Each structure stands twice: as C-alpha cells, then as structure tokens.
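Student: Sequence:
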Amino acid sequence: SSSTTPTPYTPTAPPFTPYTPTAPPYTPTPSAASPALKSKLSLFAAKSMSSEEPENDSNASSSTKHPFLRPENIRDKNGRRPSDPDYNPRTLKVTDEFLNQQTPGHRQWWAFKSDHYDCVLFFKMGKFYELFYMDAEIGVLELGLLLMKGAYPHSGFPEISYSRYSASLIEKGYKVARIEQTETPDMMEKRCKAMSRASKFDRVVRREVCQLSSAGTRVWGVQDAEPTSVDPAYLLAVTARKCDGSESLEYGVAFVDTSMGVFHLGQFTDDRHNSRLRTLLAHYPPVQILTERNRLPACARTILSNCGVPGSLQESLAAETEYWTGSKTLQFLAEDGCFARQSEEQSVKTPGGVDWPQGLKELFEEGSLSPIENESELSLSSLGALVWYLQRCFLHTQLLTRRLFISYIPPDRQDASGDNHDSKSKENNTVKFKQRTMVIDGGSAVNLELLRNNDTNEATGSLCSILDYTSSPMGKRLLQQWVSAPLMSSAAINSRLDALEDLQEHGSSVAQDTRTLLSKLPDIDRLLPRIHSQGLKFSSSDPNSRAIYYEEQQYSKKRVLSFLITIDAFKTATSLPAIFKGISLKSEFLRSVVTPVEDGGRFPDMEDTLSFFQKAFDHGAAKKEGKIIPCSGVDKEYDQALEMIEDTKKELDGNLRKEGSYFGAKVAYFGTDKKRYQLEVPDSASKKATGGYELTSQRKGFKRFMTTRSKQLLAQMMAAEESREAALKDIARRIFQQFDDKQALWSCAVECLTVLDVLLSLAKYSSTVGGVRPQFQDLTQGEEPFLEIREGVHPCISLSQDDIIPNDVVIGCGGGEGAHSPLVLVTGPNMGGKSTLMRQTALLTVMAQMGCYVPCSSMRLSPVDRIFTRVGASDRMMAGESTFLLELRETAAILQHASPHALVLIDELGRGTSTHDGTAVAWAVAGALVERGCRTLFSTHYHGLVHHFAHTPGVSMGHMACMVEGEDDAETGGEETITFLYKFCPGVCPKSYGFNAARLADIPPSVVSSGRRAARLMEGRSDSLLAFKKIFTGATSTDEKRRLIKSLAPILKAIATS
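Using UniProt numbering, the first residue of the sequence shown is number 1, and each one after it goes up by one.
It should be emphasised that the hints constitute simulated quantities derived from the structure, not laboratory data. Since the model is a prediction, treat every value here as computed from it, not as a measurement. Each residue gets a CB set at the ideal place from its N, CA and C atoms; glycine is no exception. Just so you know, not all the hints are guaranteed correct.
Between beta-carbon pairs, the in silico distance windows are [claimed, not checked]:
(1) Thr228 to Asp513: 27 to 33 Å
(2) Arg80 to Gly311: 31 to 37 Å
(3) Ala334 to Gln554: 34 to 40 Å
(4) Gly144 to Gly359: 25 to 31 Å
(5) Asp244 to Pro85: 22 to 28 Å
(6) Thr430 to Leu1017: 53 to 59 Å
(7) Thr269 to Thr977: 27 to 33 Å
(8) Lys149 to Phe68: 23 to 29 Å
Derived DSS-like pairs: lysine-lysine, alpha-carbon spacing no greater than 27 Å straight-line [to be verified]:
(9) Lys558 to Lys636
(10) Lys729 to Lys636
(11) Lys77 to Lys432
(12) Lys624 to Lys571
(13) Lys127 to Lys190
(14) Lys649 to Lys666
(15) Lys711 to Lys624
(16) Lys636 to Lys650
(17) Lys615 to Lys674
(18) Lys571 to Lys627
(19) Lys615 to Lys729
(20) Lys650 to Lys537
(21) Lys658 to Lys675
(22) Lys571 to Lys650
(23) Lys729 to Lys627
(24) Lys666 to Lys711
(25) Lys711 to Lys658
(26) Lys558 to Lys520
(27) Lys729 to Lys650
(28) Lys688 to Lys700
(29) Lys711 to Lys688
(30) Lys127 to Lys537
(31) Lys558 to Lys615
(32) Lys558 to Lys328
(33) Lys711 to Lys649
Using the sequences and the hints given, assemble the complete structure.
Tutor: What follows is the structure in structure tokens.
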C-alpha cells in the first residue's frame, strides 16, 4: 500500500503560532463568511469538484485562488485528470511552484492534503486540532467553528473535542484524517542536534496520520464518540467477472462492520437480474463501498450507485495494487503477523508459522497460498480490498487479530442438509428444502417494509419496529436478522414457537425480571472489540505508538471505564440462570439458552473468570485515577518490581542501622528523587566521616554525606521503581489482553443473552396483540402447497387502529373451507385495500416462519421458500429504468426463480404501458404462474383478464368488497357514493370505480363528468365489439343473436351522437 506519511518539512521558526496554556484556548475574532464564500464551500469537498469559480471574484476564498484547485486544473498526485480512467480522487497534485512559496509548516500541511485530498484534516498543533484552507471553511459550514483572522482560512478546537466534531462530519458523509504530533519540541531539538547539518525544513515537529475515519470505518475507540445507532454499518468490497459463455456475473464480496470486527466473505454466480447482489444489499445495507476500478461491469455499477450510499463513499481502488488479487491477499496475511502462531502458555508470537482462522482455511488450497479455483479468488480479492483500505486507515491489525471470518452464502444457496429432521419425515417422502432460510430478495424487502418504511427510510412503521420489544442493542440487531431471514425447517420454527409458549405460560414476572436484567446491559458486541484493540501492543511501524496526547489521562479513564462496564455487564448476566431455576421448560431451545453448561445447557460458567478480574485491582481507584494498580499475584512483572523495592528498603534500613552504630548517634536519610539517601549526621559525630564519606550539604547542627553504599542503594531503588512504573504503564494493556483471551467464553454468553432477548421481544408482541401460534404442515411429494389465514390483520396497523377489518386468505386445496385455487385474481375499487391485503399476507407469512405468533384467529401453511413482490409504481431515473421496464425486470425474476412453494404478490402488472400491451403482458404472466402452481395473489384492473381466466383450472376470483350508492344517478350526471368494506370476498368486482378516487382527489367536477362520458363511450365501443364477435362467431341460437342485436341499439346511438 502507498505510504500515508509525507516527508516532513521544518522551518527555522514554528510555522504556526501554537496555543499555550497561559492563553485563553479560543478567543478568536471571527471573519464573517460572505454569501459568495458560502456558495463556493462545496468546491473544496473532494466529492464536489464540478463547479467553476470566476477568476476575478474579489469575495472568493483564498484557497479557491490557487490555480491547481480550479476544476480545469485538478489532477491527482500522479498528474492524471478526472477524465483519465485511472484518476485517483483521493489525492491531489500540488505544484512545486506553489510549495516553494509556502512556509515549511504550510508545506507540511499541503503534503498531507496531497495524499488525503478526500479527507478533512484534523491537524494537531499542541493541545488543539487545527483546520486550514478548504477544511477550515468546511468546519465553519458544517461544525459552526469560527474563522480566525489571517491571510488564509483557519479554525480549530481543543483535543478533547475531537470525538464530537469528527462524529458530526462523519455523519454528514465526510472522511476525517486525524494527524498527530509524533515529536515534542524537545525531541525535535535533540534530533536536529544529532544531524550534521540541519536545514530550516528539519526544524518542525514530526506529524503523522494516525487514523482515517468514515461512515464505514468507525471503531468507537477512546477518542471517538459513543455510537448513536445500534444498526450495523458495513464497509463492502465488491468485484465481478462475466461468466464464460453467459450473460451472468460472478461476484466476489467481502464486508465488515468495523465496530464489531466480523468479516463476511462470499463468492456467487448471479442471474441476469442480479437478484443475489440486490438481496445482499437489502439484508446487509452498506454505508461505504469499495469497487475495482475499471473492472466492474456497468450493470453492477448501476445497482451500487442506486443502493443509497452517497457517491463520496463509493471508492474505486486500482486493480491489483489496491484491490489485491486473492493470492496477494493471502501472501500479505501470511507475512503481516496478524495470524502468527501463538504458544499455548503465553500470548507471544512465535516463528512457528501461520495459525489461519477457520473461516479462511476453507478458501485456499491446503499446503499453498492459492485460492481455490472458481470458488474463492474473487472473495479473497475483495477481502484484499478491505485489508488494503483498513491498513490505510490504521485499523487492519485490530480487526484481523480478532480472527472472526464467516462465509457469506446467498439465502437460496444455503445448505439445509445439516438441519435436524425427525425420523418420520425421512421415511414418508416429505418435501425437503435445499435452503435453511426463506429468500426475500432486495425488492421484496423494500416493498414489504421489513426493516425501514418507504416514506422516511426510518425504522418506524416497519415490521421490525412493530416486533421490537428488545431490551439490548445486541437483541435489536439479531431481530433484524431474524426478520430478514425466516426459517424453512418446521422443526426449527416450532422450537422458537415452543420457547414463546413457555415464556407466555410462566407469567410476566419471569419475563419482567429477565427484561430488567437485559436492559442493564451495554452494547457488549461493540465493547468486546474495543477491549481487544486496547489489549494489543502497537508495532513500531504504527504511528499511534508515537503519537503525543495531552488528554491521555482522560483517555485512560475511558479505557478503564469501558472495561469495568463490560465486567459489570457479565457479572449481571451471571444471574440469568437463577431466574429460570426451578421452572419446567418444554422448549429445548429456550432451556439450552438459560441453563448453565454444567447442567446440560449452553450458558457458560463465568464466575471464576470474572472473580479474577474483579479482585485483580481496586475498581474504585481505577475509575478515579484512570490507572490500574494490580493486586498481588495478578501481574508477574509488577510483583517482581515491588519485591525489588521491598528488598531495597530492607537493605536501606540495615545500612542506616549500621551507620548509626558507626557514628554512635542518630543518623537519618535526607533528600528526594535523585538526591535521596544522604546520611544526615549530627555535627558532634561528623568527625568520624573519613575519606569514604562525601560531603553533599549541611544545615545548622548537621552535615550530610553520601557513601559508595548509599549510592548503590539509590541506583538499586531507582531501577526497581523504573521497573514498577514500566510494569504499571503496560499493566492495563496486559489485563485487557488477558480478558480478550477468553473471547470464546464471552461470545457464548452474549449469544445466549441475545437470543433470549429476541425471544422475549416476540413473546411480548404476541401477548400484546393476542396473536395465535401458526401451524406448519410438511408436504409429501405431489401435495399442493397451501396457505390458510383466518381473520388476519396487517401487523403494522393492528396496534394503531381499533376498527381494522380482518380478512381470510385461503389458498391451495389444503387450506380447508373456502379455499382458493393457487392463483387468485384480486379485483376491487381503487383504494379498496387490495395492496394492503397482499402485503398483509406476505408479512404474516414472514412472521410465522421467523417463529412469531401472528395477529389472526388461526393460520396454517406449508413452508414458503421465497416471497416475491411486484407492487408499487416507480421508476429509477438515474438508472435509466422506466416504470414499465422496472415492472418487467421484477416480473422476469419471479418467472425465473418461483418454485411451487413460493408466495407471489403481483399488484396491477402492466399499468406502465398501453392498455392492450399491459393486458397482454399480465395475461401471459398469469398463465405462466398458473403452470408453476405457486401461491399467488394477482391484483388487476384489467377486467378482460378476469373474463379470460374465469373458467381456467388453477385460478380463482376474489375481490375487495364495497357498497355503491347512486350508481344510476352517476350515469345521468349525478354523483355516486362508494363505501369501502375492506373485506376480501370470492368473486369479481364489476368496476374499479376510479372516478370516486378522482372525486376524493379534488379533481374538478366538470372534469370528472367529462371523464364519465368518455368512459361510457369507450365501454360502449368495447361492448359492441364483443357483441359483434359473439353474433358472428359465438352465438349459436337465433334468440341469442336477437338479444345481442337489440343491445347494440343504444350503444350505436350514443356513438352516432358523440
């Protein structure tokens, strides 16, 4: 990777006047920002370089006057223009001519800016972080900082405020580079004196970039703000290649939430609609994306550009040098030392080879560092991109050393062969699914509002928010996973439902006690990685090992406090088994979570381990001082230092007695620090001080001497004290490391607590809405899938409305009385509730298969393997996709992947084109779905489609009922009144009553009346064409022909007078 530390420049005088403790920290005279200045601030952000500034604008900022910053002159560090395919927007070409005109300190700042043009530089000067030039103006605009007086924009803030200001910029989409001093002025002077000839450019304190922070690289360290959201924030790397002889793409992905340090790696072949990539983006929404420059196919770029990540956080990395190959990735990991084999007795790296994490071992050939052909090259390449980027941010060591790597497998490829099936299912030819979880693709997840609503893109109003009664941040994140990936195995679903039944059966006291316990827990998932990083020893190449902080005591207190919070959290958690002790639990799943390991459960025994850390040091003193002083027996190095001090004290006491005996008088030690242990002797006895006694000082009546022995004891004591201080300086890190060594223990406990939290949440929801337990039936080969919902209500509105109308949805012959055929054509008036009914059906199915009670009177079903939704009318203008094209893309994915066990919801397909074309498309798609036999709700306003399928086997008719008054008056210019009944009934609704919606939308009455007349005319023409067809081709009797001819008279008259 490229170096991030520029060559330091040093002036004869300090380049900027630093703040001193004697001066007020910030009493600046602000320079007013003119409107012209504010209008140009966006020019200075790397993400907005397109605007052009007038050359002779007297109000322009000084930084816009630099020629190399003008849009027409912008180049990267290698001199490439933005139009060059290899242009690197992270860097900036600063001309030599400009640099030669700068003071050495300004040259140092511009050197950093040249390497990190896409970042706002927080440039450490003494106790303050300073912002200069375009960064200062961003600070004014985004942070409310004040511009200092001077020839160039300049603002700043104290070191202790870094967390607040960096978090604010990151949340607004900026990247922040924290630049620290790695020398004090004294160190600089010593360095210069040691040089044969120091130039003026050498006389400046060295500075280095110590951290790059962005939305996808936040780690919540001691200098960072506390997280404001429990949602994961994924940094995603994506690359793709075209498959041989196919339009499909093979993707390699790697993503990580840096606050938790778990890497996910996957490689998969996608369909032409990129369904698997879209599903990944929906289930693991990234906040920052890395791609391979000039190698990602256009369709993949389009999808990523429309996934909600701003352009400033979508970075293209140079192929091979930044976006590494799989082999280069493995080579780096083998040589970096993050996975160096460790001895069993102590955490010291030994040269015994590489101890690869299990999640990585599976991705390369045994005995070599070559990716498995056609299986892992692209995923390891994407991991390489993550590692390169994290290395650039100085985060790769603390994340990789956690050794947490998980294979990402698309939901439709997950192998369910390992799931438990009872012996009966193996004997009776029961249908077995290949996947572990239901597939809910990206579009369906959005349409159903599983995690976020479609109005504000917030959690409020989504299915997840309705089910969320969790008490801990960990539980909230797991609930999102459960909602996104409902189970397929009836046995696994029922194990969760059994747990809910147990929690409801044993009353509210147990549940309330458990919720109280869980609510006391912090976000342990994020505290454990923090402790891990605090337990690491900085390598000499890490600039953080050299950084000089003026608020180190505050940071130490924060480290200790987070550690103590974690210990207290696990101590609180140890009381969980006692809450359930003596309670008979039917659910094996719940019993395993709350029962200690020694009693056959999974909840680990943490008492002895926690006891060690609770007794290892004085917690109260540690909170107050920010230091950990270990008790005896905790740290070997510290104990040895204390032993040396005690031995030296004894020798000093013995030496003092010996000297008192020699002088025959009372002798005492005098002095401090390096002048300690002077022998203070009364004048009357000082005559005995011969050549071995060196006179050092005196006072009235006393003389003071040093001897060879006292000097030896002083040196011995100082060495022991230095050993003690050295041990104390590193003791906190070593204790953190000891705690982190028990990672498996803590992770097991967190998993049990998190699962229990989600089960309690679902149990609370179930009891709140009075839901029922869904019943699952495994099908044998040849049986028809079915879905039976009796008196179901939409889960997201059932809690907010008391007068909601319940509905039955029964599909498939196994559904019992009133069952529809597999495909149900749903008609009804506009705003009559068709879309709500369809979403309700899908959401209740999701809830049932994630193991939750559902708001209905009863629910029976065979497992659904995928849910497809084609609902809503929208376009993707930036992607060049019209409404109709988007409809057809989603429909094509349905036709390609829908199996007989899928649930398909199609809402008004074909409305994005002409009536005839739309009807034809809807007719063809409906026919194809009938052949598939999958459970389908197909809403339409095309009544010709209804007539065509009226007698087709496998198709039923249903409609949302309404009551119409004044329909005859409307035919003569009056006004019809429609009352929506919101009840799903068999049969067909005769009309869509669109003019009622027009009236409610306040369309002028004259326009509505004109529309009614046009509608009657068009309906008449359509009816006449149908009558003519029947007269000449369909009518078989004379009476039938006479009736049809008679019906044509008023129609023809209306046409003639129109």
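Student: It remains to establish, for every hint, whether it holds in the given structure.
Tutor: Hint-by-hint comparison with the structure:
1. Thr228 to Asp513: 27 to 33 Å: holds, 29 Å
2. Arg80 to Gly311: 31 to 37 Å: violated, 19 Å
3. Ala334 to Gln554: 34 to 40 Å: This hint holds: roughly 39 Å between Cβ atoms.
4. Gly144 to Gly359: 25 to 31 Å: violated, 45 Å
5. Asp244 to Pro85: 22 to 28 Å: holds, 25 Å
6. Thr430 to Leu1017: 53 to 59 Å: Taking Cβ atoms as reference, Thr430 and Leu1017 lie about 58 Å apart, which means the hint holds.
7. Thr269 to Thr977: 27 to 33 Å: violated, 56 Å
8. Lys149 to Phe68: 23 to 29 Å: Taking Cβ atoms as reference, Lys149 and Phe68 lie about 26 Å apart, which means the hint holds.
9. Lys558 to Lys636: holds, 25 Å
10. Lys729 to Lys636: holds, 14 Å
11. Lys77 to Lys432: Distance ~58 Å between Lys77 and Lys432 Cα, so the pair is violated.
12. Lys624 to Lys571: holds, 21 Å
13. Lys127 to Lys190: holds, 22 Å
14. Lys649 to Lys666: holds, 18 Å
15. Lys711 to Lys624: Distance of about 36 Å is beyond 27 Å: violated.
16. Lys636 to Lys650: holds, 21 Å
17. Lys615 to Lys674: The given pair, whose Cα atoms are some 35 Å apart, is violated under the 27 Å limit.
18. Lys571 to Lys627: holds, 22 Å
19. Lys615 to Lys729: holds, 19 Å
20. Lys650 to Lys537: violated, 35 Å
21. Lys658 to Lys675: holds, 20 Å
22. Lys571 to Lys650: Roughly 41 Å separates the two Cα atoms, so the pair is violated.
23. Lys729 to Lys627: Holds, at roughly 9 Å.
24. Lys666 to Lys711: With a Cα-Cα distance of about 20 Å, the restraint between Lys666 and Lys711 holds, given a limit of 27 Å.
25. Lys711 to Lys658: Measuring from Cα to Cα gives roughly 15 Å; hence the hint holds.
26. Lys558 to Lys520: Judged against 27 Å, a Cα distance of about 19 Å means the pair holds.
27. Lys729 to Lys650: holds, 26 Å
28. Lys688 to Lys700: holds, 18 Å
29. Lys711 to Lys688: holds, 19 Å
30. Lys127 to Lys537: holds, 25 Å
31. Lys558 to Lys615: holds, 20 Å
32. Lys558 to Lys328: Violated, at about 38 Å.
33. Lys711 to Lys649: holds, 14 Å
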